[in-house]
Each structure stands twice: as structure tokens, then as C-alpha cells.
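Participant: Top to bottom, those sequences are chains A and B. Mapping to my numbering: the first sequence position 155 is 155, numbers consecutive. Mapping to my numbering: the second sequence position 62 is 1062, numbers consecutive.
For the record, the hints were derived by calculation from the structure and aren't laboratory data. Be aware that a few hints might be false.
To be verified - Straight line, CA to CA, 16 Å or less: simulated EDC-like cross-link-like pairs of lysine to aspartate or glutamate: (1) K1048/B <-> E1075/B; (2) K1167/B <-> E105/A; (3) K123/A <-> D1016/B; (4) K92/A <-> E1110/B; (5) K1043/B <-> E1008/B.
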Amino acid sequence: MAFQITIEQFEGPLDLMLHLIKENKLDLFDLDMNVLTTQYLAYLDAMESLHLEIASEYLSELAGLIEYKSKKLLPREKVEISEEYEEDQREKLVQRLLEYQRFKEVSALLSRQYEDRQMLMGKPLSEETSKWIEASSELPLAGNPYDLIKAMQKVMRRQALLKPYETRMTIKELSLDERVVQMRKRLDGWSGKMSFEELCSDCTSLHMVIVTFLGVLDLIKLKAITYTIDEDDVIWIIKGDEYHGS
Amino acid sequence: MEVKTVLEGLLFLCGDEGLTMEQMQGTLETSREEVESALVQLKEEYDKETHGIELTRFGGIYKFVSKATVYPYAEKLFASTKMASLSQAAMETLAIIAYKQPITRAEIEEIRGVGCDMMIRKLMARSLIKESGRSDAPGKPFLYEITPEFMDAFKLESLKELPELPKEEEQGEEELFDEV
Chain A
1 MAFQITIEQF
11 EGPLDLMLHL
21 IKENKLDLFD
31 LDMNVLTTQY
41 LAYLDAMESL
51 HLEIASEYLS
61 ELAGLIEYKS
71 KKLLPREKVE
81 ISEEYEEDQR
91 EKLVQRLLEY
101 QRFKEVSALL
111 SRQYEDRQML
121 MGKPLSEETS
131 KWIEASSELP
141 LAGNPYDLIK
151 AMQKVMRRQA
161 LLKPYETRMT
171 IKELSLDERV
181 VQMRKRLDGW
191 SGKMSFEELC
201 SDCTSLHMVI
211 VTFLGVLDLI
221 KLKAITYTID
231 EDDVIWIIKG
241 DEYHGS
Chain B
1001 MEVKTVLEGL
1011 LFLCGDEGLT
1021 MEQMQGTLET
1031 SREEVESALV
1041 QLKEEYDKET
1051 HGIELTRFGG
1061 IYKFVSKATV
1071 YPYAEKLFAS
1081 TKMASLSQAA
1091 METLAIIAYK
1101 QPITRAEIEE
1111 IRGVGCDMMI
1121 RKLMARSLIK
1131 ESGRSDAPGK
1141 PFLYEITPEF
1151 MDAFKLESLK
1161 ELPELPKEEE
1171 QGEEELFDEV
């Protein structure tokens, strides 16, 4: 008998056996193990010739079938016992096939129900209400003011731990030389006096103010500017040549 | 305000999450009978053809969903409303768990004749099944059972609503011959 291969997806050896039994019109309740084994083997051979991977489960079931067949072929000495064994093995396989078939059938029903359900669509929980739920699902607060203080200290400590990292991230390292160039540019379009405060108006951090101050000292040393300090402790920057001029 | 009116509003707000009888009863501080009759009225009202949504109760949770008749249009509107499908293997595994729970992996594999390790993990990831303690068998394997999400996904109010398993062989010779 020529074996016709149909590329069908089987869910396992039991599924395949059920298929073969149906194909060959075998009686599940008086199973012809011989035909089943031959067909099963032929199917696996066909799969192999198509270079399809055969899962190990198929092979282990095949081993069972072959074992049964070979036992039957061997000359029997104790007829009664061996027949009992054969019956038992076959019976066991039939039981498994039947049980598998039951679940296969019912899973088709479930599958239909699942598809029906997919046609019914819900919508997510309203946004506002989901917020309430989050707020109210927190554990009820229990404790005394000291717990609160302890918790607050923890928060502060964590904050303190985080701080160095944060500041390091935001500092824009500005070198003294760069700052001096910036200041010279500003002073170029300027005449008269400028307070140190005004000079620092573009400073975003203390670090920059300090660099600016160092820059002022530098410029004084280079005699590009001079300075005075009035009675209100305001530092006034004066452009060098204009000071000389006045 | 009427119980029915409030319930309609609450069910609308809850959407997918839905509400249980206990939640509704507790919120409205009224008798179970009153809530039940209001729900029956609501359901009847929404079952009419003039409405595009309906009130469902799967696994003890009430919620509003769009009707199946709306589905083709929703598909069109959202262009790619793909159904989250379950494979034949997944269906078989779920069926075995639903009818035999709690059950170990080895027992499922015995029935299906194939390894189910990955499948079980996939189904757990989709919350359709969950672990429910361990069996006393050697190695104390995990036991699996279905979840409320399973009930919802299969339109089930309770496990009693599962379609009947085809009869076992032992249950009568006559049937056997009919089947063959």
C-alpha cells in the first residue's frame, strides 16, 4: 500500500495514531496493532525523507509499538502469560488514545467558545478611577509620629546620597581661561564702571561666580582692568585705559 | 437614584475590570436581591438590538462588552484587531487542566503524549493557568489550575458550564458500538 503523505500538523504521537486509525478505518476497540505500527513507521519514514525533524516523543511511542510487535513475533513458551501481557499493552494504548481523543474533542468546543469571547470587547478601566484605586490600594498607614520622623530621615539621607551625583551632572566645567575670554568680550563693548554683581549676571552656579572672581583677579594682574570698592561693599570693575583716562 | 442607574454608571467606569456581586452590594449598601434584579433589568435592556454593548457575567464578574455584531466594524475601524489566538496544543493543555485540576505537568504530558513544559509556561504568562501548591507525588511537582482569566476567556460563569467531556469507554457497551 502506497503511503500518501499529507503535511499535517500533529500535536503528538497520540494525535498521529488517532489520525492513522481514522485514515485506515481501524477499529479503536479492536485495534489492529500490526497495521497501526506499519503505518506509524511509514509516516515517520516519510517525515524523515522530507528532512522534517521528528520529535523524541514520536520515537518513544514507536519504541513501544515495535516492542509490542516483536514480543508477538517471538515464539511463546508460556502462552497464557504472554497473551495477557499483549492484551494489557494494547489495552493501555487504547485507553490512552481514547482519553486523548476526549480532550481533543472538547478542546475543539472550547476553541469555539474562545473565539466567541474574542468578538466581545471590553474597554479599560476609566483613567480617573484607576487613579483612585492606586491611591486607595496602598496599605493602611499605621504608626506613630516617630515612625514618620524616621521615614523622613530616610528620605533626607537618600536625598543627601543622591545630591553629589546630581550636582556633578549639572556642573558645566568652565575653565578660568575660557571665562577670561568671555569677560574680555563683554568688557570690549562696555565703557565706564561695571559692578561685580553685574559681571556675574550670567553665572548659573557658585562655581561660575568663583571662576569669574578669579578671572577678575587675572585681568587686574594683566592690567586690563582696575577696581574700586565703595562704602556699600560693592566691587566695581573699571576698564584699565578709562581709569587712566579719568 | 435608582440602583439600576448607579450600577450602569459603575459598570461603565470599571470597564474591563468589571465588578463582582459583593463589590456592587457593598457599594450600594443594599440587598443582594435588589442588585440582582437591577442587573437582570440592565441585561434585558442591553440585550435589545438597539444597544451595541451587552452585560456579561463570566467567572462571577459583571462587565460591559461590545456585542459580537459590532466586531466586524471594530475590525474595520482599528484596521488590525487581531484575535489573540490559542494554538491547538494550548487548547488541549487548557482543556486537560480545566477538567482535571489540580493536575501536575507529568499527568498532562501522560494524556497528551508530548512534553508540555514550554506550553505551561506560556499559559502561565498569559494568566490562563496558575500554580496551586504542590502534589505529594515524588519530587513534589507543582499542581496547576485555571484562573478567573480563563473563565473570562472562555465565556464561563463556573466550571460547571464547561462542555461535557465525551463519555468514557467503560460507560456502556451500546454506546461503544454506536461510536464506531
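Participant: Taking only the CA atoms, is the gap from K1043/B to E1008/B under or equal to 16 Å?
Facilitator: Holds. K1043/B to E1008/B sits at ~10 Å (cutoff 16 Å).
Participant: With the threshold set at 16 Å, check whether the alpha-carbon distance from K92/A to E1110/B stays at or below it.
Facilitator: OK: K92/A and E1110/B at ~12 Å, within 16 Å.
Participant: Regarding the pair K123/A and D1016/B, is the alpha-carbon distance no greater than 16 Å?
Facilitator: Answer holds: K123/A to D1016/B is near 5 Å, not above 16 Å.
Participant: Take a quick look at whether K1167/B and E105/A sit within 16 Å of each other, Cα to Cα.
Facilitator: Cα-Cα ~11 Å, so holds.
Participant: Hey, K1048/B versus E1075/B, does the alpha-carbon distance stay inside 16 Å?
Facilitator: Violated, because 22 Å separates the two Cα atoms, which is more than 16 Å.
The earlier numbered hint that this structure contradicts is number 1, and it is the only one.
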